[in-house]
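Start from the sequences and build out the full structure, keeping to the hints where you can.
Each protein sequence line maps, in turn, to chains A and B. Using full-length UniProt numbering, the first residue of the first sequence is number 1, and each one after it goes up by one. Using full-length UniProt numbering, the first residue of the second sequence is number 1, and each one after it goes up by one.
If you're looking for bench data, these hints aren't it; they were derived computationally from the structure. Some clues are possibly wrong.
Copies of the same chain are indistinguishable here, so a pair counts whether it falls within one copy or spans any two.
What the hints assert, rightly or not - Straight-line distance between alpha carbons at most 16 angstroms, and here's what the computed EDC-like set of lysine to aspartate or glutamate pairs gives:
id, residue 1, residue 2
1, 369, 421
2, 493, 197
3, 404, 224
4, 551, 443
5, 403, 393
6, 257, 447
7, 338, 447
8, 535, 564
9, 562, 497
10, 379, 421
11, 4, 40
12, 535, 421
Since the model is a prediction, treat every value here as computed from it, not as a measurement.
Number of protein chains: 2
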Amino acid sequence: MALKARVLYDFNSENPGEISVKENEIVTLYSEQDIEGWLEGSNTKGERGLFPASYVEVVKSDTGTTLNNNSTSGDTYQGSRYTTSPGFTAFSPPIPVQQQHVYQASQGSDDDWDDDWDDSSTVADEPGVVGGRYSGDLDSNGPATYRVSTSSVSRGSNAQQAKSSATVSRNLNRFSTFVKSGGEAFVLGEAAGFVKDGDKICVVMGQYGPEWQENPYPFACTIDDPTKQTKFKGMKSYIAYKLTPTHTQTQVNRRYKHFDWLYARLVEKFPVISVPHIPEKQATGRFEEDFISKRRKGLIWWMNHMTSHPVLSKCDVFQHFLTCNSTDEKAWKQGKRKAERDEMVGANFFLTISTPSGPSLDLIEVESKIDGFRAFTKKMDESVVQVNATTNEFARKQITWFKKEYQKVGQAFRVLGQAFELDQQAYSLGLNQAIAFTGEAYDAVGEYFAEQPKQDVDPLMDLLQLYQGHLANYPDIIHVQKGALTKVKESQKHVEEGKMDTPQAEGVKERCNIISFATLAEIQHFHQIRVRDFKAQMQQYLTEQIGFFQKITGKLEEALQKYDNA
Amino acid sequence: MALKARVLYDFNSENPGEISVKENEIVTLYSEQDIEGWLEGSNTKGERGLFPASYVEVVKSDTGTTLNNNSTSGDTYQGSRYTTSPGFTAFSPPIPVQQQHVYQASQGSDDDWDDDWDDSSTVADEPGVVGGRYSGDLDSNGPATYRVSTSSVSRGSNAQQAKSSATVSRNLNRFSTFVKSGGEAFVLGEAAGFVKDGDKICVVMGQYGPEWQENPYPFACTIDDPTKQTKFKGMKSYIAYKLTPTHTQTQVNRRYKHFDWLYARLVEKFPVISVPHIPEKQATGRFEEDFISKRRKGLIWWMNHMTSHPVLSKCDVFQHFLTCNSTDEKAWKQGKRKAERDEMVGANFFLTISTPSGPSLDLIEVESKIDGFRAFTKKMDESVVQVNATTNEFARKQITWFKKEYQKVGQAFRVLGQAFELDQQAYSLGLNQAIAFTGEAYDAVGEYFAEQPKQDVDPLMDLLQLYQGHLANYPDIIHVQKGALTKVKESQKHVEEGKMDTPQAEGVKERCNIISFATLAEIQHFHQIRVRDFKAQMQQYLTEQIGFFQKITGKLEEALQKYDNA
Numbered sequence: 001m002a003l004k005a006r007v008l009y010d011f012n013s014e015n016p017g018e019i020s021v022k023e024n025e026i027v028t029l030y031s032e033q034d035i036e037g038w039l040e041g042s043n044t045k046g047e048r049g050l051f052p053a054s055y056v057e058v059v060k061s062d063t064g065t066t067l068n069n070n071s072t073s074g075d076t077y078q079g080s081r082y083t084t085s086p087g088f089t090a091f092s093p094p095i096p097v098q099q100q101h102v103y104q105a106s107q108g109s110d111d112d113w114d115d116d117w118d119d120s121s122t123v124a125d126e127p128g129v130v131g132g133r134y135s136g137d138l139d140s141n142g143p144a145t146y147r148v149s150t151s152s153v154s155r156g157s158n159a160q161q162a163k164s165s166a167t168v169s170r171n172l173n174r175f176s177t178f179v180k181s182g183g184e185a186f187v188l189g190e191a192a193g194f195v196k197d198g199d200k201i202c203v204v205m206g207q208y209g210p211e212w213q214e215n216p217y218p219f220a221c222t223i224d225d226p227t228k229q230t231k232f233k234g235m236k237s238y239i240a241y242k243l244t245p246t247h248t249q250t251q252v253n254r255r256y257k258h259f260d261w262l263y264a265r266l267v268e269k270f271p272v273i274s275v276p277h278i279p280e281k282q283a284t285g286r287f288e289e290d291f292i293s294k295r296r297k298g299l300i301w302w303m304n305h306m307t308s309h310p311v312l313s314k315c316d317v318f319q320h321f322l323t324c325n326s327t328d329e330k331a332w333k334q335g336k337r338k339a340e341r342d343e344m345v346g347a348n349f350f351l352t353i354s355t356p357s358g359p360s361l362d363l364i365e366v367e368s369k370i371d372g373f374r375a376f377t378k379k380m381d382e383s384v385v386q387v388n389a390t391t392n393e394f395a396r397k398q399i400t401w402f403k404k405e406y407q408k409v410g411q412a413f414r415v416l417g418q419a420f421e422l423d424q425q426a427y428s429l430g431l432n433q434a435i436a437f438t439g440e441a442y443d444a445v446g447e448y449f450a451e452q453p454k455q456d457v458d459p460l461m462d463l464l465q466l467y468q469g470h471l472a473n474y475p476d477i478i479h480v481q482k483g484a485l486t487k488v489k490e491s492q493k494h495v496e497e498g499k500m501d502t503p504q505a506e507g508v509k510e511r512c513n514i515i516s517f518a519t520l521a522e523i524q525h526f527h528q529i530r531v532r533d534f535k536a537q538m539q540q541y542l543t544e545q546i547g548f549f550q551k552i553t554g555k556l557e558e559a560l561q562k563y564d565n566a
Numbered sequence: 001m002a003l004k005a006r007v008l009y010d011f012n013s014e015n016p017g018e019i020s021v022k023e024n025e026i027v028t029l030y031s032e033q034d035i036e037g038w039l040e041g042s043n044t045k046g047e048r049g050l051f052p053a054s055y056v057e058v059v060k061s062d063t064g065t066t067l068n069n070n071s072t073s074g075d076t077y078q079g080s081r082y083t084t085s086p087g088f089t090a091f092s093p094p095i096p097v098q099q100q101h102v103y104q105a106s107q108g109s110d111d112d113w114d115d116d117w118d119d120s121s122t123v124a125d126e127p128g129v130v131g132g133r134y135s136g137d138l139d140s141n142g143p144a145t146y147r148v149s150t151s152s153v154s155r156g157s158n159a160q161q162a163k164s165s166a167t168v169s170r171n172l173n174r175f176s177t178f179v180k181s182g183g184e185a186f187v188l189g190e191a192a193g194f195v196k197d198g199d200k201i202c203v204v205m206g207q208y209g210p211e212w213q214e215n216p217y218p219f220a221c222t223i224d225d226p227t228k229q230t231k232f233k234g235m236k237s238y239i240a241y242k243l244t245p246t247h248t249q250t251q252v253n254r255r256y257k258h259f260d261w262l263y264a265r266l267v268e269k270f271p272v273i274s275v276p277h278i279p280e281k282q283a284t285g286r287f288e289e290d291f292i293s294k295r296r297k298g299l300i301w302w303m304n305h306m307t308s309h310p311v312l313s314k315c316d317v318f319q320h321f322l323t324c325n326s327t328d329e330k331a332w333k334q335g336k337r338k339a340e341r342d343e344m345v346g347a348n349f350f351l352t353i354s355t356p357s358g359p360s361l362d363l364i365e366v367e368s369k370i371d372g373f374r375a376f377t378k379k380m381d382e383s384v385v386q387v388n389a390t391t392n393e394f395a396r397k398q399i400t401w402f403k404k405e406y407q408k409v410g411q412a413f414r415v416l417g418q419a420f421e422l423d424q425q426a427y428s429l430g431l432n433q434a435i436a437f438t439g440e441a442y443d444a445v446g447e448y449f450a451e452q453p454k455q456d457v458d459p460l461m462d463l464l465q466l467y468q469g470h471l472a473n474y475p476d477i478i479h480v481q482k483g484a485l486t487k488v489k490e491s492q493k494h495v496e497e498g499k500m501d502t503p504q505a506e507g508v509k510e511r512c513n514i515i516s517f518a519t520l521a522e523i524q525h526f527h528q529i530r531v532r533d534f535k536a537q538m539q540q541y542l543t544e545q546i547g548f549f550q551k552i553t554g555k556l557e558e559a560l561q562k563y564d565n566a
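Rendered as structure tokens:
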């Protein structure tokens, strides 16, 4: 019996080997086992190829979908299966399509105050209105929630398209994030777990407000040129990246699927931390040098943000990833299982947070800061989209138009030189040669223009892409914070109405205080790395541009000198 | 009775104030008196405006057309009248249309060996064939000859069009030039005149072959910023250029019509000398700064070529033009009349040439050199057209595309800076300012691109335009030389057939020798100034380009420094 799957969301193929599928289409699968997140099969048009596993739902009698990624490090990658369940897939890394629909069933309960949560609503600002809108019934099962993330960066010729699609993600049901992240459960005092000392995450008061306590043992990690490795006597190939953390100085090999797995763990564990997105998945051309080099650069940026983050850099699962001997499968599986069974994820994560001694935060002030940050990320996202589209288009024009224009000038001078060469009198020869050289110099300048974007635009775009990932994370983080604030307002109202006792409301407020400290610390961290990264990147960009124009100047000076003895 | 004129050639209006007219259309003239070569009237569509006087023929009973330009320096310019007569109009400077048809009636006689003279014919190379093609009847009046010159430079957006139209001029009846120039009359021994010592023009043997004897009193002449002057209490305005020759150090004022008049005299006088074209006529916008500045630059180039030419620089009419006191109308008219009555023009010009002592030139070798030069000018003309079209298009793109692309980058950075300004923490401020400055720097770079063509492309195009004028002259010069060579071959055949005696044929050969010396001297001069001019111009172009890229580098370095304290 042929294996069938129902398509959940439209997918438009963008690379050779991929096929397009439509929502509700029934496709035939060749195997239930995906290849790094892609399934092979045929659509109703009869086209055969790959499509994202997460876009389809296998049609079978026992629809028991697994919530967790139970992949073992066997020869076929079994993790990250097509699934409609929340958690893993919901936070899977961006995939190479412009619109990414991630469907997830609600984790149950508490969807009754769904409807009025959107950007333009004044819900959070006007507590009086809130109570009226939300019922207190926390037990009804809400409808499935639906998230549309459009924050992927398209680096192609169609920058305009990239612009329109790359906006901060929005949840049709915003509230789900608050619920799903565990934020609500925590605020409501439902989280419980044993916090070991090693799990403690400290927020301290810094010069600019709450911030994560610095990692006392900072380290970095290099990612060396990846190598293609094979298994099963060459039947299966994969790319292994060589990671060398500075604190162990021991190289480990990791595959993209390991990064993918780690990313999923981190997203699940840290509700108000912006986990940097790992580079896009790509089904075809995976072994091509350009792609490998691009992915490596993306991973280097990702690693930089991981090791720069005081919380992420220290966490067990990341350390396991960085330090576990690649050949010790047993140790790897052990650490993997441990991470997957980690109890201090989601709601419980907040239990591990230790806030600075001193007064609680002024929640009005917190709200104002969060609103300011929301405005900031929105504006930054727009401008990043513009810089991205503009520099992308600029790069494309340098590679095509600019190169062509300079080479046309070169060609015209060469033709002039050739015409002059018909006159072979002694006093003409020097000029003829000089003009011929000038023609070649302009040819070279054309080439310089075409080669330049790799040096300056590409690195800038890598950075922008990483930040687009962060900016896509923040709406969810803000919603968790906003959800907590709303709960506080709600509980105050409940107290006034006599539905809740004061200590209970104080508990809500206290837990909201913890979420607020964590959120503000994360925002502070974001600003700091943003300033650090953009300063460095702009310096690099300008330095490259200066070098570029100097190279042109040098070439033209060389040409000019040819006339000295002409 | 309304004054009517028949249109001889299509004219497409290119500027406001001009109207288009079609061949054979009958137009109404408002006045028979032109305004610097333009007539005012209305076409059959009822449009009113200006069209070139030389494109129409006045329809009236007494068709007595004047051969000479009898203009007096009165208040209305009366010279350069619409005329179908040869001489003045036939050699008038290029006018601002892309195809310039100059119609001229034959100066009578000798058009019977018209038909076979074209580039691909081997007439001149295969003497055996020549005699058979040409009859010896030299007295029949041939048909009107027709010259199509397409060698105008169009500096507009439509460079491609300029390319296709700008080719070396061709005479449908090539032979006419030989006749008209007086070359034939001279070769046939029909020229006669008294050559004063001061009129003597010496060809000497130089390192590279025959060349004009250098002007023993070389000089230059500056052309200062022209001023607008008025006559008749402001009723009539004109632009006066201030000329200061180095050998007199006395400034004289000259109007465009004076240049025009001088140009006509020179063309009439010197059959095998390439008289540099004066800048284009233009009916509208004559008082606009851009136009005046452009014309001045064109006149400077023209003056440079005039004073650089050993023969032209010395001749009386040019000296009169350079030195006659602008306010002494009597002296001016006297010199003007003298020049117009000069007998040593055309055929008689050759009488003034003194060849070097020593053997005559080998006419086979001369023919080969001339053929080589013809190939050279053809190739050079093509390449000049290409350089012209390419740099013109390059300039246009710098002014539009390049500017826009760099300013878009600037705008994107500025937007990013504005987004970042929403974060007003102390550690962000430096970066925000630096990014804002970077945006401005790229704006400035865009401006640099737009301003640059004026510095490098424009001067290059001015030079190319001047050379296109020379290249358009050479076919006629070559044809005079070729005509003389053919006469030699013909006379040899006549001797063989007993139709001519040997001394007569020797006379033809001797006179052809004189024309050959003059032509080779002129070609040598052309190559020398060409190498001089293109070397200097390419150096200037590259120097400007280097300065341009250094300016960009400097601006970006300035931007980079802003990040030092960010």
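Taking the hints in turn, this is what the structure says about them:
For the homomeric pair residue 369 and residue 421, the shortest alpha-carbon distance between copies (15 angstroms) is at most 16 angstroms, but the shortest distance inside one copy (73 angstroms) is not. Taking identical chains as interchangeable, the C-alpha atoms of residue 493 and residue 197 are never at most 16 angstroms apart, the minima being 36 angstroms within one chain and 120 angstroms between chains. In this assembly of identical chains, the alpha carbons of residue 404 and residue 224 never lie at most 16 angstroms apart, being 36 angstroms within a copy and 40 angstroms across copies at closest. Proximity of residue 551 to residue 443 under the C-alpha cut-off of 16 angstroms is restricted to the intra-copy arrangement: shortest distance 13 angstroms within a copy versus 22 angstroms between copies.
In the homo-oligomer, the alpha carbons of residue 403 and residue 393 lie at most 16 angstroms apart both inside one protomer (14 angstroms) and across protomers (14 angstroms), since each shortest distance falls under that limit. In this assembly of identical chains, the alpha carbons of residue 257 and residue 447 never lie at most 16 angstroms apart, being 38 angstroms within a copy and 49 angstroms across copies at closest. Taking the closest pair of Cα atoms, residue 338 and residue 447 never come within 16 angstroms of each other, the shortest separation being 53 angstroms inside a single copy and 61 angstroms across copies. For the homomeric pair residue 535 and residue 564, the shortest alpha-carbon distance between copies (9 angstroms) is at most 16 angstroms, but the shortest distance inside one copy (43 angstroms) is not.
When the C-alpha separation of residue 562 and residue 497 is checked against a cutoff of 16 angstroms, the pair qualifies neither within a copy, at 91 angstroms, nor between copies, at 58 angstroms. In this assembly of identical chains, residue 379 and residue 421 lie within 16 angstroms of each other by CA distance solely across copies; the values are 10 angstroms between and 60 angstroms within a copy. Taking the shortest alpha-carbon separations for residue 4 and residue 40, only the intra-copy value of 11 angstroms comes in at or below 16 angstroms, while the best inter-copy value is 84 angstroms. Proximity of residue 535 and residue 421 under a CA criterion of 16 angstroms is satisfied inter-copy only: 14 angstroms between copies versus 52 angstroms inside one chain copy.
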